[in-house]
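Novice: Below are the chains, spelled out letter by letter.
Number of protein chains: 2
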Amino acid sequence: MAHMLLFVVAPVSAVIALLFAFIFYKKVMTLSEGTEKMVEIAEAVRQGAKAYIKQQYKIVAIFFVVAALFLAFLAFVLKVQSTWTPFAFLTGGFFSGLAGFIGMITATLASARTTNQARESLGRALKVAFRSGAVMGLVVVGLALVDISLWFIVLHIWLKNSLVTTTVTMLSFGMGASLQALFARVGGGIYTKAADVGADLVGKVEQNIPEDDPRNPATIADNVGDNVGDVAGMGADLYESYAGSILASAALGASAILLKYKALLSRPDLEKMAFNAVILPMVIAGVGILASILGIFLVRTKEGASQKQLLGALGIGVNISSLLIIIGSLAAVYFLLPGHLGIFGSIVVGLVVGLIIGKSVEYYTSDSFKPTREVADKAKTGEATVIIGGMASGMISTSIPVIAVAVGILGAFAFAGGFKEGNIIMGLYGIGVAAVGMLSTLGITLATDAYGPIADNAGGNAEMSGLPKEVRKRTDALDSLGNTTAATGKGFAIGSAALTALALLAAYIEEVKMGMHHVGLDRLPKFLVEKINEIGAIDKISIESFMEIFKINLMNPKVIVGVFLGAMMAFMFSGLTMKAVGRAASRMVDEVRRQFREIKGIWDGTAKPDYQSCVQISIQGAQKEMILPSSLAIVVPIATGVVLGVSGVMGLLIGALGSGFILAIFMANAGGTWDNAKKYIEQGNLGGKGSPAHKAGVVGDTVGDPLKDTSGPSLNILIKLMSMISIVVAGLTVGFSIL
Amino acid sequence: MAHMLLFVVAPVSAVIALLFAFIFYKKVMTLSEGTEKMVEIAEAVRQGAKAYIKQQYKIVAIFFVVAALFLAFLAFVLKVQSTWTPFAFLTGGFFSGLAGFIGMITATLASARTTNQARESLGRALKVAFRSGAVMGLVVVGLALVDISLWFIVLHIWLKNSLVTTTVTMLSFGMGASLQALFARVGGGIYTKAADVGADLVGKVEQNIPEDDPRNPATIADNVGDNVGDVAGMGADLYESYAGSILASAALGASAILLKYKALLSRPDLEKMAFNAVILPMVIAGVGILASILGIFLVRTKEGASQKQLLGALGIGVNISSLLIIIGSLAAVYFLLPGHLGIFGSIVVGLVVGLIIGKSVEYYTSDSFKPTREVADKAKTGEATVIIGGMASGMISTSIPVIAVAVGILGAFAFAGGFKEGNIIMGLYGIGVAAVGMLSTLGITLATDAYGPIADNAGGNAEMSGLPKEVRKRTDALDSLGNTTAATGKGFAIGSAALTALALLAAYIEEVKMGMHHVGLDRLPKFLVEKINEIGAIDKISIESFMEIFKINLMNPKVIVGVFLGAMMAFMFSGLTMKAVGRAASRMVDEVRRQFREIKGIWDGTAKPDYQSCVQISIQGAQKEMILPSSLAIVVPIATGVVLGVSGVMGLLIGALGSGFILAIFMANAGGTWDNAKKYIEQGNLGGKGSPAHKAGVVGDTVGDPLKDTSGPSLNILIKLMSMISIVVAGLTVGFSIL
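Which chain is which? The protein sequence lines are E and P, in order.
Residues in the first sequence are numbered from 74 upward in steps of one, following my numbering.
Residues in the second sequence are numbered from 74 upward in steps of one, following my numbering.
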């Protein structure tokens, strides 16, 4: 029963996380929102955000109902997958949306409170913003682990499904989370960047008024955007990453143990070992939650602390959490899989890779280092050179993360023993667990990530409610503080996406085998039945034999075609989302110009701009534009499976991963570089604000906006969503593909 | 002997091509270069181009000597490959450089003559420009096929090497051509874009003087750039594509027949069939040359023909050549491989795919269609939106080419019978032959491609020598005419790169087997020797068993890591070349600004700018900047092979192909769209020249310049060069890899 006791760590930590989230929320709520004007503005942003989310969920609900009906058709009519699939799918979507929603509501409630605290001191403002960010961090990890634990308890412990059936079924809950996350990122990303680009192009460039100026009609929409894009979008995104890494490794854990030992000997403790391998990722996640909460409490600052001291305080919280996680993981591996201590090595590899990527992101995007300064310097010769320079720098910046992930893959695989004969799946399990390790401190790293947009909104509130300049200065300091810590968070998100996608690719194989069971030998293609009879049973098919049966090698034209299509999907999807931002932003520009032209009183202060119409334009733009790219993400993997079969799907997924992963880093870093190059100029370098170099810098920043906040982050989800969808419809693919 | 007679088609057509090239050259030379001023300018451009090429070849020679010594070390000391390798490598590089050089010299001699004829009529100017383009087209195909035929005669017919040894050894000549092409494209691309961007940024944007204004110090450098980048670079590039497709299919042909039939029965005509399969691509190329020459003669126009009639004349030439090639290929397949008529289907598939890609390039980049007009429209809201719009459009435009190539791969593979059991290599041979078919009309399509830069230079000459406006109008018409026909040429170049790279990937397997022979069983790793003993002999290893032995499947972490690294290489390489252009362009901007500032007489016409110093800056920039990216392209595949072994290399190549192919289309189309969007505005739309929209359009065009003329085209070569290098050092990889 010792292992059963250890499993309890997962649901209990999850509940504790939710509890602390509630406590932090209550504490933040006790603070005042400030002056009447501040409350009014905060309320307007809140209403805008709620209006958006309501619209968003309406459309998403339609997608979910259709998808659930399709899954029910596959499960109940075609009988190619488990009947639990549609339900697990729906809960994944629901909780992912809920996590984003709670995070967003908290953020909209926290921004004016942060502004109000910033009137006193920087330290106080940090505390509110950070605690509010922690609400989101803890809600994301808490809800994810609650959902995972519950399904595990219901399917395996209560209903006594086998471990493999349980974990593979649970992957459909990951599909729900991914789909919700994609909508949140794409819709929210289009919303926020349409408003941002529109507000900047007319306000900053044409009219020369500062950011967040209350005379700009798009300014409320812009602030709403931070909440729906950066907060709600990021929440759903990381919920998906977190849940995905745990689910993928759990699914591999069962098969890894069963395949490894069933062939060798019938150990009496086989079931127990498999159980332990399945719960290990959940237990690590649970330990990570506890470590995160402790870390959050360690972020304390003295009154009047300097910016450097604040950064130090944040660093202490994150570092101690990481240290605790390392110790906790060692204990978890020691108790659960004493024969596989190498797995601990995989976890450490994951953490180190995440750290390296984070540092490289910081190096390539912070204006303290050469790359961003060089890009800023290019602004002297105009818009064209700053754009070329930023693109080039973004492309070059992909090398360190890719090499780090490459070495990490080999390392995690090797530590888990994957290079030993017949042990591949154990190595892949190691890769999955490395991703879990990387994301285990999400509770605190997400807190350091999420407080950035809160500080950003707090600054907007200060500007619009006409508070003294020093308040805005403090919120700006908070915002720029967030950029440094956010780089680490980004590193973990990017790195874990690659590793999780790989684990999902391996889990796909298990799901195809499960699909064979559902389809049944009498309905499977003849060549496959012959191979299965040769091997003995579906469950005895090793990874190696699977590769041979389905010819998943690099000379199979179906694999090659899949790779091409997958790589193309990453570009196509990015192009569509960028175009969507451009289109929505154009409409915003027209509306802002119209208001400046028609509402004469804006300039002399006798009339207020119509903020609401800009909010509506962003909402409608986002809703309309998110449908095509999202549908593509759903349809392409299903169509590829039906036409090209299993080998084509695996090619598709690796192609999308290879290209998409790198394209995502390129977009994130190019966008970050331009953003900070502009800020560097605004600090008074190269001519400072208002100089031609500054104008060029603003153009660079605007070009980078959709790259770093819409297309780039959506790609990480796209990669995993395509895997998840392929996994869920694997039965259809293996039973009924054409070629 | 019938097949021997058919082989003769190849060398004979090659010689005929060179003969006609010489005739065309002589005819063009009989024409006058025009006024004294015109001759002077033409001479300055000629001198600049020669100075560049001299410098370029000096550095390239060093690389070639080092590489040849390294190959000699592998061949003579480590004894892991054929001793012919270093020599074949050198001739490939030499002939590729020679083809580019002759084309460039012809172009520089033709431009003033084209201008002079344009003083009379558009039709006359077309004739000179097109005939000069034909010189390059015929020199490229002639030299390539001469070189290939000679090596084949020496190695196989004279020295009696086996077919497999001969064809696999000849691939190292492809490596020489690819390396030369990479230098030509990267160096030439940096040169031309540094000059172009530098000239435009100061001339057009800052000083508001027209393109090619003689007061602009960078104007000669800009015109030199068209010759060294667009002509010499394109010549070496297409020489490499053309030779690569023939060599790759020839290498597959021998193994395809031998592996297919040796296992089944010992047919008495086996050697003959294998011989026929090897010479088929050469014969198709020979037939294509004859068809091209005929097509070139069909391009005739009446005096005073309209632009539409001229386009029609060009179309007739290309279409009739294509038709002849289809008939000729059917005959060649019928006589050489009567049992494999499906191969003819593969060739037709290749031609159709090239055509579809060409049409899609035209659709996405011509201002007659919606995408480019939409991008132009975005210029109304400024630089940022035009950049976002062009990037998005470029990314979306990748879908049709990728789907066309995907269907083409499956089609060419299927027609060649690849889906039949144990027949994979035959299918891959089909893919290679499809690429040969696609490029077989290169003689004429390259002529329609190469006359564009000649017309461009002719326009520059007209502007600088102060000829009447109508002359410039005629050369501009010629230039824009070239854009339409060039789109088709680009489609063929892009499509063939993907198919050739795949064929090279397959050829890599043959080369690894050859490498095993060279290394010898006593030096090979133990696991490999065991497998070989199991199968019986190295030559009996089928593609399927090869995949299993080296675990070249999608769950092997070494393959996955290879895919990541390959995809990253495409981005890294593009980033480095873009950055190089940016850096060299900045130096050019500084120099032009300095001259405008210091040489007072430029503006009142009392002093001439120092053209030579700008030429020198471009030369030095290009020479310095091309070394790092080119070295990377050489080192990475070798290092990957040494560290990760065969499976890592194959992953690397497919990763580079998947990402690089799509990135190349994105860059080419985004750049083309921006270019034509700007031209669309210049035609008087959206405010016309001098409007804010025009300024935004110029920025877009400038951003697109390095994408479409430096990084993009270099990527196509990079993909194949990495394959070629891996092929040549395969013996090292299989004998001495670490992991």
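Any given hint could be a false lead.
Which copy is meant is left open, because identical chains are indistinguishable; a pair holds if it fits in one copy or across any two.
[As the list claims (entries may be wrong)] Below, a list of computed lysine-lysine pairs in the BS3-like style, where the Cα atoms sit at most 30 Å apart:
1) Lys-681 with Lys-453
2) Lys-453 with Lys-697
3) Lys-613 with Lys-762
4) Lys-604 with Lys-624
5) Lys-152 with Lys-697
6) Lys-599 with Lys-131
What the hints contain is simulated information worked out from the structure, not anything from laboratory work.
Novice: For every hint, state whether the structure bears it out.
Specialist: Each hint, compared with the structure:
| no. | hint | result |
| --- | --- | --- |
| 1 | Lys-681 with Lys-453 | between (37 Å within a copy, 27 Å between copies) |
| 2 | Lys-453 with Lys-697 | between (39 Å within a copy, 23 Å between copies) |
| 3 | Lys-613 with Lys-762 | neither (67 Å within a copy, 71 Å between copies) |
| 4 | Lys-604 with Lys-624 | both (12 Å within a copy, 19 Å between copies) |
| 5 | Lys-152 with Lys-697 | neither (34 Å within a copy, 64 Å between copies) |
| 6 | Lys-599 with Lys-131 | neither (45 Å within a copy, 62 Å between copies) |
Violated hints, in rising order: 3, 5 and 6; the structure is consistent with all others.
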